[in-house]
Structure formats: C-alpha cells, structure tokens
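Novice: What follows is the residue order along each chain.
Number of protein chains: 2
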Amino acid sequence: MVNNALPRPVQQLINEFSRLPGIGSKSAARLTFFLLRSGGQLALDLSVALQELKEKTRFCSICFNITEEEPCLICQDDTRDKRLLCVVEEPLDLLALERARAYSGQYHVLHGAISPIEGIGPEDLRIDELVKRVSEGDFDEIILATNPTLEGESTALYLKRRLADTGVRMTGLARGLSVGGDLEYTDEITLGRALDGRVDL
Amino acid sequence: MVNNALPRPVQQLINEFSRLPGIGSKSAARLTFFLLRSGGQLALDLSVALQELKEKTRFCSICFNITEEEPCLICQDDTRDKRLLCVVEEPLDLLALERARAYSGQYHVLHGAISPIEGIGPEDLRIDELVKRVSEGDFDEIILATNPTLEGESTALYLKRRLADTGVRMTGLARGLSVGGDLEYTDEITLGRALDGRVDL
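Chains as they are written, first to last, in our numbering: chain P, 1 to 201; chain X, 1 to 201.
Next comes chain P alone, as it looks inside the complex (with noise of 0.2 Å):
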C-alpha cells in the first residue's frame, strides 16, 4: 500500500535528499513535500544552482580552494601578504577565517586530513602540491591551522616533517579558551592547554 501512495519523482527526491548528512528519511520527506506545495520555482532554483555548482566551480589550481575564476580571487588579490601561508583542511576552514577578519596571507587548502580509520592517507590530500608549493615559492611563516582534532593535529605533524627541509617557520593556532566561553563548561584537555599556554597580562 505505501507504494501505491507515493509516486515514483517524489520518492526518488525524498531518497535522494535521505543520501544528504544530517537529513533523515522524514526530514527528506518533510522537504520534498514542502517544495511539492510551494509551487515548482524553489525546486527549480534549487535543481539549477545544483547543477552550476559543478558545472562552474573548480579548483584553484595555486591554493585549491574552490573558485569559479582561475586563479581564485584570494590568489589574485594583490593587496594580500605573499609572504604568509595558512594550510587549512577544507574550504569552509578558509571561509571561517576569513569571516574573521584576522588574515590577509595567502591559503592552501588540503581537502581533508590523514585519517589511518578512514584510508584518508598523504596521498589522498593535497599535500605534494604544497611541498612544491613552499619550496618554489618565498615564504616567511606557514601556519598550520589543520582542526584541532587527532587527525588534525597528526596532519600537522606531518606536514611538519615534510615541510622541514625548506627551513620555513611554521606555527599552529593557539588553543585555549573559547572568547565568550564559559571556564566551568570548558573541557579538561582545552583547560590544560589554556594553562600550559598561559600568557602575562
């Protein structure tokens, strides 16, 4: 009887939107039914911006963020120290920092980091292209700014050792407290890292 309810183009949008993270099978449904009432031009919208998303967007092929002008505008954009570089996992990483405000050098995007769990290995991420990247190029600092989760922290290790022979300086984020946090909630090991990173007021 389920089956006869529900017509094929809506169950095949509710399965598709079910392969999304976080959207169950009733979210999926929730959605789909959604557009089915508001009319058709939301669906569309959706359906086309999806379609350019690939057919227009690459990748940098300096920093391999994603771009839809080759290179990317952060690339291009002269105004920007040359001298700096920030390695982040993934792109959303890049958009964190620049929503705040606090770094105008130039980025490399990974693309994920090394996950031994996952089979995410150094050759599955961007990380020759930065090898060749520092070495070819003239800079003063890298800042490692991978997550600061295992696999993040195990990447920026790596890349530490990879990037040795070039003789650049290399840093990481401060980890601490978080601003507008509260010490009561923070967790154990942020707390003793906020310590051992104590600095003179």
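Hints in this document: simulated from the structure, not taken from any laboratory.
Where hints are given, some of them may not hold.
With the Cβ distance kept under 8 Å, some of the chain P side facing chain X (calculated, not the full set) [said to hold, decoys possible]:
no.: 1; residue: L6
no.: 2; residue: P9
no.: 3; residue: E16
no.: 4; residue: S27
no.: 5; residue: G40
no.: 6; residue: A43
no.: 7; residue: S47
no.: 8; residue: A49
no.: 9; residue: L50
no.: 10; residue: E52
no.: 11; residue: K54
no.: 12; residue: K56
no.: 13; residue: E68
no.: 14; residue: R175
no.: 15; residue: G176
no.: 16; residue: V179
Here are some chain P residues the structure puts well away from chain X; computed CB gaps all over 12 Å [as the list claims (entries may be wrong)]:
no.: 17; residue: G22
no.: 18; residue: P116
no.: 19; residue: K132
no.: 20; residue: E141
no.: 21; residue: R161
no.: 22; residue: G167
no.: 23; residue: G181
no.: 24; residue: E184
no.: 25; residue: L195
Since the model is a prediction, treat every value here as computed from it, not as a measurement.
The beta carbon of each residue, even a glycine, is placed where N, CA and C say it ideally should be.
Starting from the structure of chain P, add chain X where the hints point.
Specialist: Below, chain X alone, put in the same frame as chain P:
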C-alpha cells in the same frame, strides 16, 4: 573578504538550501560543501530529481493526492472500499495512514487546513471539490481525519457543516493515549480526551 572567498555558484546553492524549512545557513553551507566534495554525481542526481518532481507529478483529479498517473493508483484500485472516504490535510497524512495499513477506503486531500491567521480560507483548499464529490458520490461514511490541532479541528467542524446536507455519516479519529506512550508525560488535554472517550474492557 568573505565574498572573495566564496564563488557565486557555491553561495547560490547555499542560499537555495537556506530557503528550505529547517535548514539554516550553516547547515546549507555544510550540505553544499558535502556535495562539492562528493564528486558531482550526487548533486546531479538531486538536481534531476528536483526537476522531475514537478514535471512528472500532478494532483489526482479525484482525490488530489500527488500522483504520476491520472487518476492516482489508490483511486484506480478496485480492491479498495469505494463507499468509505477519508479526508486528510496533506499527502503526508495520507501516507501515514497507508503506512498504518489499517484503512483501505478512498481519500480526499485538502492541501491544508483553514487558518485565518495564515490567511487560508476554505476557498484555498479542495473543499468545493470534496462537497461535489460527496454529493455526487455514494459514500456510507466520511472520516474527517484532519490534524488534532486548532486549525485541523476547525476545518473538520467547517466540513461537517458543509457536508451536513449530504446526509452521509461523518466520523473523526479517536483521541487518546499514544500506544507505547506514558501516562505521566501525556498532556492534560489529551488525557482529558482519553478519559472522556474511555471504553469498556
């Protein structure tokens, strides 16, 4: 800086996802970057499914459920009781009833409930079609299965008045405790309705 960091097609897709209910800008960004990372087939599949949703589905001219065929498979099904009609607000409600496998009559989908606050009047729903269908049809019973909400119950009352002349018996779904639920956590109104509707054991 933020605008530089995000190519237009990526921002566009984030915007489109954000228009969906329950998806904020952070979830939208996460979905978009998931699709970017996942190769492209997923985004394309979703795009096609969205297009086909409107192209290949319509409302059944009899019950106004969403269907690929005309009339829909439920209206076509000769094994179902033709003298029993269940009125629901949305196709998802119909689906829930079908999943329960406890009903095998006909359906009528209103596509909403009367809601003065949201500016939805009887003329916005498939009510005239329902009245015509019941007047011209040969039904023994009409189950008014609108939602147990203020809007749903008002709609049921309105339908009862509009359909009074047809002389067909009208019923509503029982209110009471959820099976597998807990008396302690049942709200007062439901508990009151469960008491009022108590049955002999």
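Novice: With reference to the structure, classify each hint as holding or not holding.
Specialist: Now for the hints, and whether the structure bears them out:
For the restraint placing L6 (chain P) at the interface with chain X, the shortest Cβ-Cβ distance is roughly 6 Å, inside the 8 Å limit, so the hint holds. A distance limit of 8 Å between C-beta atoms decides the matter here; for P9 (chain P) the minimum to chain X is near 4 Å, and the interface restraint holds. For E16 (chain P), the suggested interface contact is upheld, since its CB lies about 4 Å from the closest CB of chain X, less than 8 Å. This hint holds: S27 (chain P) has a C-beta 7 Å from the nearest C-beta of chain X, less than the 8 Å allowed.
The criterion of a C-beta within 8 Å of any C-beta in chain X is met by G40 (chain P), whose closest approach is roughly 4 Å, and the hint holds. The beta carbon of A43 (chain P) is positioned within 8 Å of a beta carbon in chain X (closest approach about 5 Å), and the interface hint is therefore held. Of the supplied interface hints, the one on S47 (chain P) holds, with its beta-carbon coming within about 4 Å of a beta-carbon of chain X, less than 8 Å. Among the interface hints, the one on A49 (chain P) holds; its C-beta lies about 4 Å from the nearest C-beta in chain X, closer than the 8 Å criterion.
Checking L50 (chain P) against chain X: minimum C-beta separation of about 4 Å stays under 8 Å; hint holds. The criterion of a C-beta within 8 Å of any C-beta in chain X is met by E52 (chain P), whose closest approach is roughly 4 Å, and the hint holds. Evaluation of the K54 (chain P) hint against chain X yields a held restraint, the C-beta minimum of about 4 Å falling below 8 Å. A least Cβ separation of about 4 Å between K56 (chain P) and chain X falls short of the 8 Å threshold, and the interface hint therefore holds.
A cut of 8 Å between beta carbons decides the hint on E68 (chain P): the least distance to chain X is about 4 Å, and the hint holds. A hinted interface residue such as R175 (chain P) counts as satisfied when its beta carbon comes closer than 8 Å to some beta carbon of chain X; here the least separation is about 23 Å, so the hint is violated. Nearest Cβ of chain X to the Cβ of G176 (chain P): about 23 Å, over the 8 Å cut. The hint is violated. Given the 8 Å rule on beta carbons, the hint for V179 (chain P) is violated: about 19 Å separates it from the nearest Cβ of chain X.
Some Cβ of chain X comes within 12 Å of the Cβ of G22 (chain P); the nearest lies about 7 Å off, and the non-interface call is violated. Distance check on P116 (chain P): its Cβ is at least 19 Å (rounded) from any Cβ of chain X, clearing the 12 Å threshold; non-interface status holds. Interface exclusion of K132 (chain P) from chain X stands, the closest Cβ pair being 23 Å apart, more than 12 Å. With a least CB separation of 20 Å from chain X, E141 (chain P) remains clear of the 12 Å interface cut-off, as annotated.
Residue-level check passed: R161 (chain P) sits 26 Å from the nearest beta carbon of chain X, beyond 12 Å. Against chain X, the non-interface label of G167 (chain P) holds: every CB pair exceeds 12 Å, the least being about 30 Å. With 12 Å as the threshold on Cβ separation, the claim that G181 (chain P) sits away from chain X holds: the shortest Cβ distance comes to roughly 18 Å. Every C-beta of chain X lies more than 12 Å from that of E184 (chain P), the closest at about 26 Å, which supports listing it as non-interface.
The claim that L195 (chain P) lies off the interface holds: its Cβ sits roughly 31 Å from the closest Cβ of chain X, which is beyond the 12 Å cut-off.
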